[in-house]
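Chemist: Here is what each chain is made of, one letter per residue.
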Amino acid sequence: MTSLLTYTFKNLPSTSKWALRFCVRPLSSSSQLQAAAASQTKSKKTLAKPNIRNIVVVDGVRIPFLLSGTSYKDLMPHDLARAALLGLLHQTSVPKDVVDYIVFGTVIQEVKTSNVAREAALGAGFSDKTPAHTVTMACISSNQAMTTAVGLIASGQCDVVVAGGVELMSDVPIRHSRKMRKMMLDLNKAKTLAQRLSVISKFRLNFLSPELPAVSEFSTSETMGHSADRLAAAFAISREEQDEYALRSHSLAKRAQDEGLLSDIVPFKVPGRDTVTQDNGIRPSSLDQMAKLKPAFIKPYGTVTAANSSFLTDGASAVLIMAEEKALAMGYKPKAYLRDFMYVSQDPKDQLLLGPTYATPKVLEKAGLTMNDIDAFEFHEAFSGQILANLKAMDSDWFAQNYMGRKAKVGSPPLEKFNNWGGSLSLGHPFGATGCRLVMAAANRLRKEGGQYGLVAACAAGGQVGHRSLIGASRKLFS
Amino acid sequence: MVASRAIGSLRRFTASRTLRCSGYICRSFTRSSVLLTRTHLNYGVKGDVAVIRINSPNSKVNTLSQELHSEFMEVMNEVWSSSQIRSAVLISTKPGCFIAGADLNMLNACTTSQEVTQISQEAQKTFEKLEKSTKPVVAAINGSCLGGGLELAISCQYRIATKDKKTVLGSPEVLLGILPGAGATQRLPKMVGIPAAFDIMLTGRGIRADRAKKMGLVDQLVEPLGPGVKPSEERTIEYLEEVAITFAKGLADKKITPKRDKGLVEKLTSYALSIPFVRQQIYKKVEEKVRKQTKGLYPAPLKIIDVVKTGIEQGSNAGYLSESQRFGELAMTKESKALMGLYRGQTQCKKNKFGAPQKEVKQLAVLGAGLMGAGIAQVSVDKGLQTILKDTTLPALGRGQQQVFKGLNDKVKKKTLTSFERDTMFSNLIGQLDYRGFEKADMVIEAVFEDLNLKHRVLKEVEAVIPDHCVFASNTSALPIGEIATVSKRPEKVIGMHYFSPVDKMQLLEIITTEKTSKDTTASAVDVGLRQGKVIIVVKDGPGFYTTRCLAPMMSEVIRILQEGVGPKKLDSLTTSFGFPVGAATLVDEVGVDVAKHVAENLSKDFGERFAGGSLEMLRQMISKGFLGRKSGKGFYIYQEGVKNKNLNSDMDSILASLKMPSQPDVSSDEDIQYRLVTRFVNEAVLCLQEGVLATPTEGDIGAVFGLGFPPCLGGPFHFVDLYGAQKIVDRLRKYEAAYGKQFTPCQLLVDHANNPNKKFYQ
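Top to bottom, those sequences are chains A and B. With the first letter of the first sequence counted as 1, position 388 gets the number 388 in UniProt numbering; the numbers rise by one all the way through. With the first letter of the second sequence counted as 1, position 351 gets the number 351 in UniProt numbering; the numbers rise by one all the way through.
Read the hints as simulated data drawn from the structure, not as lab findings. Watch out, some of these pointers could steer you wrong.
[Stated by the list, open to error] Label-pair restraints from in silico Cβ distances:
(1) Pro267/A / Glu266/B: 52 to 60 Å
(2) Pro300/A / Gly384/B: 31 to 39 Å
(3) Lys214/B / Gly260/A: 39 to 47 Å
(4) Leu122/A / Gly384/B: 47 to 55 Å
(5) Asp253/B / His133/A: 33 to 41 Å
Every residue gets a Cβ at the ideal spot worked out from N, C-alpha and C, and that includes glycine.
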């Protein structure tokens with residue numbers, strides 16, 4: 001799970017003058033004070049850290065997230081990643097040669113393009129002198145890409161980094177069985193006909209059975225849906241609650257889509273197909289319809305169904321991250337600061353999906369904020385049950401005391417500030433690309449709704465990883 | 001992760017109907033008004049479902065006692081008579097236990113088979129009523145569901161079990177020398193088929209929930225939950241109850257049928273079993289197998305077959321009658337008394353009488369990566385104990401590490417471990433050639449070669465590097481711990497831990513304390529042993545301690561019997577037919593001829609004539625020819641990799657011929673040969689108690705059965721004396737004493753027991 005704090009720059013004046021004004025600001029102290037007074041009641045902190053560079057998200061984009069097996073099904077992952085990179089270039093007009101580094105996150109690796117960041121960057125026309133690497137950390141892979149970028153900039157290694165993520169679930173590497181692979185490799189080494197024949201003679205029909213990518217958690221052999229169902233049961237979350245939450249997600253996403261709020265989407269002309277302009281997984285249904293579905297994992301009495309889980313998705317996203325002074329010098333009007341982040345891990349069996357609960361209080365404490373300071377929450381919705389379980393866990397003193405070693409609960413985020421433009425349940429969840437979507441959703445919401453701090457959180461497979469980032473929107477600083 | 005999603009998305013396209021458990025919504029019901037408190041049970045009504053919760057007071061487990069039985073009947077009568085209630089759920093609120101079985105004290109209190117039959121018939125009646133209940137009853141099983149507990153559960157209309165490691169279903173009655181006496185012999189064959197029913201009842205093994213589901217023993221599984229806003233265990237039981245209620249409602253509404261779909265193989269099998277001829281063949285086959293394995297020493301398995309057969313061939317009335325009668329008869333047999341005694345002993349030897357140690361052992365070190373050392377390491381790492389395995393050479397260490405890995409990997413193959421669990425366990429093992437890290441060790445167990453000088457050297461080396469609190473344990477089968485401790489700077493920290501080979505299979509651990517060993521050191525050793533899953537006896541130091549000391553005179557007799565011209569095969573069959581799991585000659589091969597000679601020489605020095613008998617020359621000659629037993633491929637038998645039927649080693653003929661002694665005809669009948677072996681064993685065991693080497697007869701029995709393979713049907717040497725009669729044993733000893741002299745002189749304690757028939761080791 002990740003969380004990022006974003007500041008939006010909502011009230012900034014037009015970009016070109018903005019840099020100038022910024023320089024002037026310390027001088028015009030009186031107006032500054034006045035402006036600050038208004039927002040001071042809400043938060044006294046800028047979250048800027050001494051001796052550490054301020055890091056900003058200039059902007060971010062994503063191609064539409066599609067149900068897997070639809071328009072992107074004949075493409076390869078680097079095609080999607082390239083589309084996201086081109087979209088980012090177009091949106092930000094950043095000169096390619098300014099980019100110091102590119103990091104992408106992905107989960108299911110296409111073996112032909114195992115460093116998908118590099119393949120996509122080269123294809124998108126970035127300089128072949130720009131290094132690129134790929135990271136993987138299950139559902140928070142692109143969070144990891146972004147925080148890697150933060151690290152590179154904070155340590156002074158780079159000024160401008162593109163971070164992103166990609167996932168193509170329409171195609172996954174299905175391998176030959178280990179026995180078959182071994183035979184093929186042996187065959188390669190065999191020199192004489194006799195040797196080859198002896199290798200081939202060992203062939204058995206069962207060698208042909210294919211090996212699918214891991215269905216279950218490697219350490220516990222439990223599928224995630226199963227885990228989510230157990231988690232929902234552990235927190236006594238009913239099927240109805242889960243369906244209601246899923247419906248909320250779809251309805252909010254639909255509204256956001258209709259109102260044109262999902263402005264991080266860039267259209268993608270798919271070769272041989274029509275241009276894709278919007279997400280296709282948003283399908284608000286009715287509770288009655290949803291109630292008809294059978295449980296997908298724990299049968300026949302489980303509560304997690306296809307309707308209250310996120311679906312298999314294809315998609316890619318990318319964000320442009322810069323050192324603040326660089327962005328300003330280049331005349332950008334950045335969308336948000338990336339302030340603080342935190343990764344946590346816990347028991348992969350029973351707490352697989354509880355990362356946000358663990359990470360939230362920690363990152364807030366680290367930043368010196370409370371739940372009340374946050375204006376926009378963007379949590380990754382793997383399953384309705386998972387989100388609701390996290391909300392309950394955050395609201396439980398018992399859980400805080402017994403499992404988190406804290407004196408009291410941190411409290412659950414108010415729903416009116418929570419995933420207001422839909423979430424992974426409705427928009428889709430291309431594993432490697434979701435993190436960037438969350439950050440951009442938080443940043444755009446802060447700008448639109450006028451908030452100051454955003455909190456992004458996601459859970460991931462492998463047990464652990466709750467990662468939250470605090471995204472600070474800096475109205476106060478810059479207005 | 002991916003696949004889970006994949007499944008999820010696929011679900012979208014599948015039709016969505018069938019049992020959407022109607023009542024599932026009612027997860028958060030309110031407590032009902034009817035809540036009568038009883039001692040073992042209480043029940044409440046949720047909607048139209050009665051929830052009967054079992055929780056016997058002041059006990060870790062629920063047992064099917066008479067009070068519980070009558071309370072249950074009371075409650076069920078209320079359920080049946082209430083118009084408000086349409087179905088019921090039966091659940092235990094005790095973590096880790098549904099019902100662990102019938103109350104053994106209830107059976108022990110009976111003095112005649114009629115009383116026991118009576119108990120059985122009452123239970124049968126109750127369960128039959130339950131089975132015929134028009135209101136469906138769902139058994140919600142979390143934790144052990146054994147014996148009477150299983151019989152209760154299979155009388156219900158539906159069973160839901162948690163897929164927890166602690167949830168085990170089984171009919172272990174056969175292990176106590178009795179049979180399931182409350183209808184299981186009649187219901188199980190119908191429920192899971194005749195072969196599976198035989199398997200459950202004749203082996204007594206525990207069946208895990210997922211396997212039980214496959215067999216049709218339970219209808220639904222519930223995954224144990226992690227922590228929520230309550231502790232996991234509590235919430236899991238609550239969840240199980242909620243799920244069970246939805247099914248109870250479904251059953252009452254006839255939305256769910258308790259019948260399950262059978263697979264093709266199952267259908268074919270059940271068809272085949274409908275042919276009387278096929279059934280006869282099965283009875284015959286099972287009976288043959290049982291006879292071969294039990295050698296007719298255990299009556300219970302044969303009776304189980306008989307009762308099952310009666311029920312199927314002559315109808316259930318005859319079956320139930322036969323079940324209750326055989327149950328009564330079996331409960332009165334010596335075998336059953338012996339086995340129940342062992343069961344109680346085993347429970348006692350799984351407790352730490354010495355209390356909790358001041359400092360729990362977290363870091364263990366094992367010296368010597370041989371068979372024993374690696375075995376000790378294996379049973380430690382798989383319980384999560386950090387273990388250093390040290391040897392002096394890389395190949396020896398590598399062999400030991402491989403042994404540990406193989407032991408764990410075999411469990412993966414049997415699916416009792418996942419490969420991931422294996423890897424985490426194996427990571428608890430650190431193999432090394434030096435003493436690095438010993439400064440953090442809380443206990444060092446040395447398993448180096450049995451040589452006093454070597455043990456002294458090792459002890460000194462280790463004491464130079466370990467911290468003050470660290471316990472030094474010696475794994476030796478015969479070297480007195482006191483002698484090993486003579487070179488120690490801190491003898492209060494020196495103790496003996498005698499493991500048995502193969503360590504991962506043999507349950508016994510014999511802990512040896514010297515006069516100087518501190519109580520905390522003992523507590524620490526027992527604690528480690530218990531964590532390793534061992535049954536523990538604590539004995540006083542002395543040559544051969546308890547186990548080796550009892551075995552030695554018997555081994556001496558083995559050699560004499562061989563010298564008298566009884567062949568190894570004949571000897572083996574005589575000993576196994578007496579109830580020993582391994583024949584006497586084979587045992588020598590397994591232990592190792594060199595080890596046997598080493599021990600025999602040492603002990604005969606200490607005990608003199610009492611340990612005499614056969615000539616050690618036989619062992620010496622075998623060693624000189626390289627016949628060391630299984631490890632060298634040749635001993636009395638020839639051992640070959642992959643060959644199952646072992647052949648006699650014909651090269652032994654000349655050795656046996658050269659040492660031949662005339663036999664004494666009046667003490668050389670088959671029975672005499674058996675008793676010559678056993679009485680020497682028993683006499684020595686009783687002497688150990690007399691001398692205070694043993695603290696209790698229980699430990700003597702447990703040590704003999706679990707460490708040395710003393711016939712379990714006899715219950716160990718002390719149970720044997722009690723059940724067989726001390727006088728008869730003394731008579732036998734006197735007879736053999738007349739032929740062979742002092743080796744057979746009965747010890748004083750045994751004579752006392754013979755003189756006073758009221759004196760028993762177990763009152």
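Chemist: Cβ-Cβ distance between Leu122/A and Gly384/B: within 47 to 55 Å?
Modeler: With Cβ atoms ~49 Å apart, the hint holds.
Chemist: Does the Cβ distance between Lys214/B and Gly260/A fall inside 39 to 47 Å?
Modeler: 55 Å, violated
Chemist: Are Pro300/A and Gly384/B spaced within 31 to 39 Å by their CB atoms?
Modeler: 36 Å, holds
Chemist: If I claimed the Cβ atoms of Pro267/A and Glu266/B lie 52 to 60 Å apart, would that claim hold in this structure?
Modeler: 57 Å, holds
Chemist: Hint says 33 to 41 Å; check whether the CB-CB distance for Asp253/B and His133/A agrees.
Modeler: Roughly 59 Å apart at Cβ, these two residues miss the hinted range, so it is violated.
Of the numbered hints given earlier, the model fails hints 3, 5; all others are met.
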